[in-house]
Structure formats: C-alpha cells, structure tokens
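Sequence order for the protein chains is A and B.
Just so we're aligned, residue 1 is where the first sequence starts under the working numbering, counting upward by one.
Just so we're aligned, residue 1001 is where the second sequence starts under the working numbering, counting upward by one.
Take these hints with a grain of salt, some might be off.
In silico BS3-like cross-links for lysine-lysine, where the CA-CA straight-line distance does not exceed 27 Å [to be verified]:
1. B:Lys1098 <-> A:Lys101
2. B:Lys1056 <-> A:Lys66
3. B:Lys1098 <-> A:Lys20
4. A:Lys64 <-> A:Lys14
5. A:Lys41 <-> B:Lys1067
6. A:Lys14 <-> B:Lys1098
7. A:Lys101 <-> A:Lys64
8. B:Lys1056 <-> A:Lys101
Going by beta-carbon spacing under 10 Å, a handful of chain A positions derived as facing chain B [to be verified]:
9. Ser43
10. Leu76
11. Ser89
I should point out that these hints are in silico values taken from the structure, not numbers from a laboratory.
Each residue gets a CB set at the ideal place from its N, CA and C atoms; glycine is no exception.
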Amino acid sequence: GAVVSQHPSWVICKSGTSVKIECRSLDFQATTMFWYRQFPKQSLMLMATSNEGSKATYEQGVEKDKFLINHASLTLSTLTVTSAHPEDSSFYICSARDEPKGTNEQYFGPGTRLTVT
Amino acid sequence: QKEVEQNSGPLSVPEGAIASLNCTYSDRGSQSFFWYRQYSGKSPELIMSIYSNGDKEDGRFTAQLNKASQYVSLLIRDSQPSDSATYLCAVKGPNAGKSTFGDGTTLTVKP
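The following block holds chain A by itself, in its conformation from the complex:
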C-alpha cells in the first residue's frame, strides 16, 4: 500500500516551454500532497504544499506564477513549470500523506527529472 506515482519520469524540453508533471496516490486518498525539488548532491527543498480543492501554499522564494500547482482530486496533483529555463533543470519529487491512516507518514513518488535545453 501507500504507493505514489509520477509521470513522466523524465522530460527534456526547450527553454520557454511549459512542462506538466503529474503526481498520483494509487491506493489511498491524499488531501495533502507536497512538491519538492532537488539539485544534484543537494538537500531536498520543499516548494509547495498542495491542498485538494484549494490553493497551494508556496514556500518562501518559490514563484507561484512559475510553478503552477493544481490538486483537483484526492488522488491527483499536478505541477506545471511555466516558461521553463535551464536553471529549472532539476529532480522534482512529489509526496503524499495518507491522511486516513493518521500517522503523518509521507510517501514519495519516484521523481521526475527535468532537463531544459
């Protein structure tokens, strides 16, 4: 149980285009999902907390107009990187909390490696 999937697993796009990443909780409902970014050999950095049916909460320094988050259902959250630039190239990882379980445990998706050329 507690499986989180992400799609795509990797993507290459040209500078100036937008990329959408999907995060799904496969066997549980998640009212809260989290989006992280991780550069090579660096720490996990929380970008935003995605709340089902409401606006996402962004961490300080993260541009909400550049990183659009939609959490339209209890099993799906999407992150859209708009007007991507090479500096946005990173490993994007989502995580979901199995709320009904009540343990506060977070389960991570396999990540999406984005390369902007």
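We have chain A already, so just place chain B on it with the hints.
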C-alpha cells in the same frame, strides 16, 4: 539554527558494523519523527517512523527518540553495502501541515 539538524557526513562504516545516525530538532512540540533512505538519483523511501520516547525496532533498523533532549537517532545493525545511501530525518509538529527535513547524512558501508 536549522529546525532539523543532521551531521552531513560522510559516515563510513565497515560491513557488519553498527551505523549510528543522529538528528536533533528545535521544535519541542514535535510529535512525529521519520527516517527516510535516499539512494543516489532516487527519491526518498520511508524506513522508520517513531512517535513516543524509547526505541522502535524493525529488522536491522532501530529508531530511538528522546523528546527531552530533542534527539532522534537511527541505528543500522549488521550494515551492508546496500545500506550505502543518504538518510534523511524528518520531524512534524502537531499543528504543522508539513514535515521538516534535515539535509541528510551520507552513509557508506565498505565491504
């Protein structure tokens, strides 16, 4: 001061030894504590969660929590080369919507 602090390492132990990973946190009201393992190029994987003072054992892993000292640790017995990874400590307070992660400790187990 960071909310969750871990020694960055690298920590190197010989195969078969006990690896000890430590984590301190600043929010005294924290109630949920987690250890994640992250292999290079992969996403983190939950390996242990602990909520009350004392020890919690799961196979070769033991998590230890001391709320008075605001300290949580992870012991890995009979360390194997496959345990070589970065270990992340995460802490969640009762009213926080998110868990706060440490920067991780890199463990290398040498054959």
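Evaluated hints:
no.: 1; hint: B:Lys1098 <-> A:Lys101; result: holds (16 Å)
no.: 2; hint: B:Lys1056 <-> A:Lys66; result: violated (42 Å)
no.: 3; hint: B:Lys1098 <-> A:Lys20; result: holds (23 Å)
no.: 4; hint: A:Lys64 <-> A:Lys14; result: holds (21 Å)
no.: 5; hint: A:Lys41 <-> B:Lys1067; result: violated (30 Å)
no.: 6; hint: A:Lys14 <-> B:Lys1098; result: violated (33 Å)
no.: 7; hint: A:Lys101 <-> A:Lys64; result: violated (30 Å)
no.: 8; hint: B:Lys1056 <-> A:Lys101; result: holds (19 Å)
no.: 9; hint: Ser43; result: holds (4 Å)
no.: 10; hint: Leu76; result: violated (18 Å)
no.: 11; hint: Ser89; result: violated (14 Å)
Checked against the numbered hints above, the structure breaks hints 2, 5, 6, 7, 10, 11 and satisfies the rest.
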